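Trainee: Using the sequences and the hints given, assemble the complete structure.
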Amino acid sequence: MYLIGILIFLNNYKLVSSFKLLMRKIMYKIFKFLLITTFFISVSNLKADTIKVGVLHSLSGTMAISETTLKDTVLMLVEKQNKAGGLLGKKLEAVVVDPASDWPLFAEKAKELLTVQKVDVVFGCWTSVSRKSVLPVFEELNGLLFYPVQYEGEESSKNVFYTGAAPNQQAIPAVDYLAAQGVKKWVLAGTDYVYPRTTNKILESYLKNVLNVSEKDIMINYTPFGHSDWQTIVSDIKKFGMAGKKTAVVSTINGDANVPFYKELGNQGIKAEDIPVVAFSVGEEELSGFDTSPLVGHLAAWNYFMSAESEINDTFIEDWLKFIKDDKRVTNDPMEAHVIGFDMWVKAVEKAGTTDVDSVREAMYGITVPNLTGGMAVMNTNHHLTKPVLIGEIQADGQFDIVWSTDGGVIGDAWTDYLPESSRIVADWTSPIKCGNYNIDTGKCSGQNYE
Amino acid sequence: MGFFLIGNLHANKSLKEIILKLDTKDFKDKILVIEEIAETDNDLNLLALKSILEGKLYIRKSDKSILLVDIKDRKYFAFDFFDNTELGVLSKRKLKKIKINNNLRNILSNKIAVIQITRGNKEEKIKAILEIIKDGNFETLKVINTVLLTENDSDVIKYFNLAKNTIIARYGKDSERIEAIKSLAGNTNNDIVNILKAISENKSQPEVITLEAQEAYYKSIKNIKFNNIIKTIFFGLSLGSVLLLAAIGLAITFGVVGVINMAHGELIMIGAYCTYVVQQIIPNNTSLSIILAIPIAFLFTGFVGIIIERLVVKNLYGRPLETLLATFGISLILQQVVRSIFSPLNKTVYSPEWMSGIISIGGLELTNNRFIIIIFTILVFMLVIYVLKKTLFGLQMRAVTQNRKMASAMGINTKKIDMLTFAFGSGVAGIAGVALSQITNVGPNLGQNYIIDSFMVVVFGGVGNLFGTLIGAFGLGLGNKLIEPYVGAIVSKIFILLFIIIFIQFRPKGLFSIKGRTADD
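Sequence lines, in order, name chains Z and S. Heads up: the first sequence begins at 682 in the working numbering, then just goes up one per residue. Heads up: the second sequence begins at 231 in the working numbering, then just goes up one per residue.
Simulated from the structure, these hints should not be mistaken for laboratory data. Remember, it's a predicted structure, so these values are computed and weren't measured experimentally. There could be a bad hint or two in this list.
Derived pair list, reagent style EDC-like, types lysine to aspartate or glutamate, alpha-carbon separation capped at 16 angstroms [as the list claims (entries may be wrong)]:
#1 LYS324/S <-> ASP995/Z
#2 LYS255/S <-> GLU990/Z
#3 LYS324/S <-> GLU990/Z
#4 LYS322/S <-> GLU999/Z
#5 LYS927/Z <-> ASP421/S
#6 LYS327/S <-> ASP1082/Z
#7 LYS329/S <-> GLU990/Z
#8 LYS286/S <-> ASP1078/Z
#9 LYS364/S <-> ASP1109/Z
#10 LYS322/S <-> ASP1078/Z
#11 LYS577/S <-> ASP972/Z
#12 LYS952/Z <-> GLU361/S
#13 LYS286/S <-> ASP917/Z
#14 LYS327/S <-> ASP1078/Z
#15 LYS723/S <-> ASP873/Z
#16 LYS920/Z <-> ASP383/S
#17 LYS357/S <-> GLU316/S
#18 LYS455/S <-> ASP917/Z
#19 LYS324/S <-> ASP955/Z
#20 LYS327/S <-> GLU990/Z
#21 LYS926/Z <-> ASP421/S
Here chain Z is said to cover these stretches of chain S; the calculated rule only asks that three of the stretch's residues, wherever they fall, bring their Cβ under 8 angstroms from a Cβ of chain Z [as the list claims (entries may be wrong)]:
#22 332-345
#23 594-604
#24 665-678
#25 706-720
Incomplete in silico selection of chain S near chain Z, CB under 7 angstroms [to be verified]:
#26 LEU239
#27 LEU469
#28 THR578
C-beta: ideal position from N, C-alpha, C; glycine also.
Mentor: Written out as structure tokens, the structure is:
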């Protein structure tokens, strides 16, 4: 461009015509060269065209303990799919970013994945605050997010498929199980952010209205991320639980704060037979590298445990250990959620014949893939799965023994029946409703992006 | 002899048949089988119950033989239950574990305790009797009396009498009950307190007994309340000791050298990682590795401190803002270096035996690790004071703090003292890291959790004054723990910060400030 400019400039000065001729020849040569190179680059780009799969999980910070293994899971699934011939004739390419447990950074990285890297789908997020941070980005840019973690519900976005448990697939059955064991006093302990706050709201309402627990038999308590001084709280739990009525702790503590919490429980001698703790965000991954013998008998509620007895689970674990080249690694529920989400996405893309978000979304409803506990997972029109509920007790080797499970799958309910406002709302992204939060009394669709 | 063997074989066969009944999914059925095992006339029943409780009892699918399994590194080492023959490593698929749940655990502990009050050794007997105190009845009383006839150990006798009195207090003749209740008054054992409460609320008994029980119950409650106050103070002291450990190093560098070291938290983190590395090198002996880690962390972190001082801080003396920025940059670099060398995930540091569990003082139960850390902190503090007051280096440090120009005129190489002081402060931060590795997660972000607290303590206590730091740390720790039961962890932290902000308005130099003309420099 500059050369042309200079040429025109020179023209005005009526330079020697032979010089001009020479310049012109050089310019043409350069042009031809650029044209041919651009052509080849674009052709090779077409040939190396891949389908990009974004991975948005914290690889550092307080949530790294939980999220790093999910990044590895997606990488394994992408490699497996590529070995099976790719998708729509193209290879899959994983694009990994590290939002570092920093919620605003999650939104930035999501935008980067969608606009700069131009990924066709994103598997990511763990904490609800990270999901809430990226939600506006996905809705504005019409991206597609598969969210693999159990959460508090009260959401159904057009651009998100929730492959983790809603409260009616984890929290409520866990409370029912404990109540059946004779628990009369409840401690709700959580990290201070949206997921524990909302889940505890739902549980408080459930305990008071359905199980008729009185206010003084419920103790609610919040701590910051990464909290490490649990002395007072564990001592208070001990006091609360020693008054004669059977007490249990429902824990929505997230991230590495769980490690000193369980250590303190062990140190102060709180045994699972006396005051059982059921956790919703603690699985095999959070317990690995930890001596769990003082924790034997404490519980977790999930839709999958590594100890689930099924052939498909055995194969999955074998493949995983081979991929990660470390015999000490474990599998857990959010990993299964990514497996289900990924398989469903692949099936939907094949059904739709394209990776275009709107077409894939339409193709997702009703898609059924096997889950890892021997049953089938179905994607419903509210963007939630049908999943079985399992309650497991911690063993001395960091694994869980399944002590209770539902017979079949439970359909995920995005809007809980136990909060008065939410009980009147349904989510259904197919006609005629086509809305994530549709009020069945007023017939109005409101809140999040709709249409 | 032969007759005995045959008798044994028969007993074993019937025990085996009972154990095989545990192969069911119904947990209620399992309860009945457990009770059967507890009652069979076979000495191995105790072993059976214990193995089920520990999750070690398995059934081999092929021949229905009963096995004891030890799991090491995910390999299943099997032994025959009845004759202990070693069967080597078996495949997980060939075995069926006898599973239990929390309810069963309770029942198993109970049954084991009942058997162990007659059969166990001293600790087992005491543990057993405490376990079944709340369920004691006339049957248990008979057993207790039988054991007491032949028991010689005074501790065992004491606990058995306690259990005896508990049973008499509930079920005995009215005349005996008052004596029994009187003997239980003031006891803080949770089960006994609940029993006293239950008796005091019983309407269908003579007035005398109810009153006696109420008095006994109130005495116990008073003792428990007193214990709780001591406990809160203990928590406050332990939090204070953590704050102090983290802050001493900063008090030294800030106080003497006048450098705002934003990388202080990372120096603590490096000390914690030193502990991890030492544990990797000496994996089998956690006690030795922790003790060795202390001087190693001191030297290594001190060395890192020297590097920081020589390369960066030396050039920025007298320019506090630049030092702040530069050391902040160093903290980021250190974090990333650790992330790159070790991985961003947390590392597990193991605690030695003597640091886990509880110590009981009277009726009070305090956690071991916190107790040891309080003592450790005091030792470290005394060491630092000793270095300051009794060594030549300390003398020179104090001189430079009080009046740099005069100290220089007296022949002290102030630049060298600055470097050594910085190194000393960093080394102490490293020692703090070793202690902190025992109570919190060891990860690249460890430093970030303690840097704010360290500055808080140093500013509150008074810059340059170590006793100020001591009082400040323990004061803030106690304050935090006194408020926490009422408002929760987050709000109590906020209150403490607000308190410090307001305090600083009135006393900008902190609690104990250095007096003298040079303090204004």
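Trainee: All hints, please: hold or fail.
Mentor: To see whether the hints hold, each was checked on the structure:
no., hint, result
1, LYS324/S <-> ASP995/Z, "holds (14 angstroms)"
2, LYS255/S <-> GLU990/Z, "holds (14 angstroms)"
3, LYS324/S <-> GLU990/Z, "holds (13 angstroms)"
4, LYS322/S <-> GLU999/Z, "holds (14 angstroms)"
5, LYS927/Z <-> ASP421/S, "holds (13 angstroms)"
6, LYS327/S <-> ASP1082/Z, "holds (10 angstroms)"
7, LYS329/S <-> GLU990/Z, "holds (14 angstroms)"
8, LYS286/S <-> ASP1078/Z, "holds (12 angstroms)"
9, LYS364/S <-> ASP1109/Z, "violated (54 angstroms)"
10, LYS322/S <-> ASP1078/Z, "holds (14 angstroms)"
11, LYS577/S <-> ASP972/Z, "holds (13 angstroms)"
12, LYS952/Z <-> GLU361/S, "holds (13 angstroms)"
13, LYS286/S <-> ASP917/Z, "violated (34 angstroms)"
14, LYS327/S <-> ASP1078/Z, "holds (14 angstroms)"
15, LYS723/S <-> ASP873/Z, "holds (14 angstroms)"
16, LYS920/Z <-> ASP383/S, "violated (32 angstroms)"
17, LYS357/S <-> GLU316/S, "violated (31 angstroms)"
18, LYS455/S <-> ASP917/Z, "holds (13 angstroms)"
19, LYS324/S <-> ASP955/Z, "violated (34 angstroms)"
20, LYS327/S <-> GLU990/Z, "holds (12 angstroms)"
21, LYS926/Z <-> ASP421/S, "holds (12 angstroms)"
22, 332-345, "holds (count 5)"
23, 594-604, "holds (count 5)"
24, 665-678, "holds (count 6)"
25, 706-720, "holds (count 6)"
26, LEU239, "violated (33 angstroms)"
27, LEU469, "holds (6 angstroms)"
28, THR578, "holds (4 angstroms)"
In this structure, the hints that do not hold are numbers 9, 13, 16, 17, 19, 26, in rising order.
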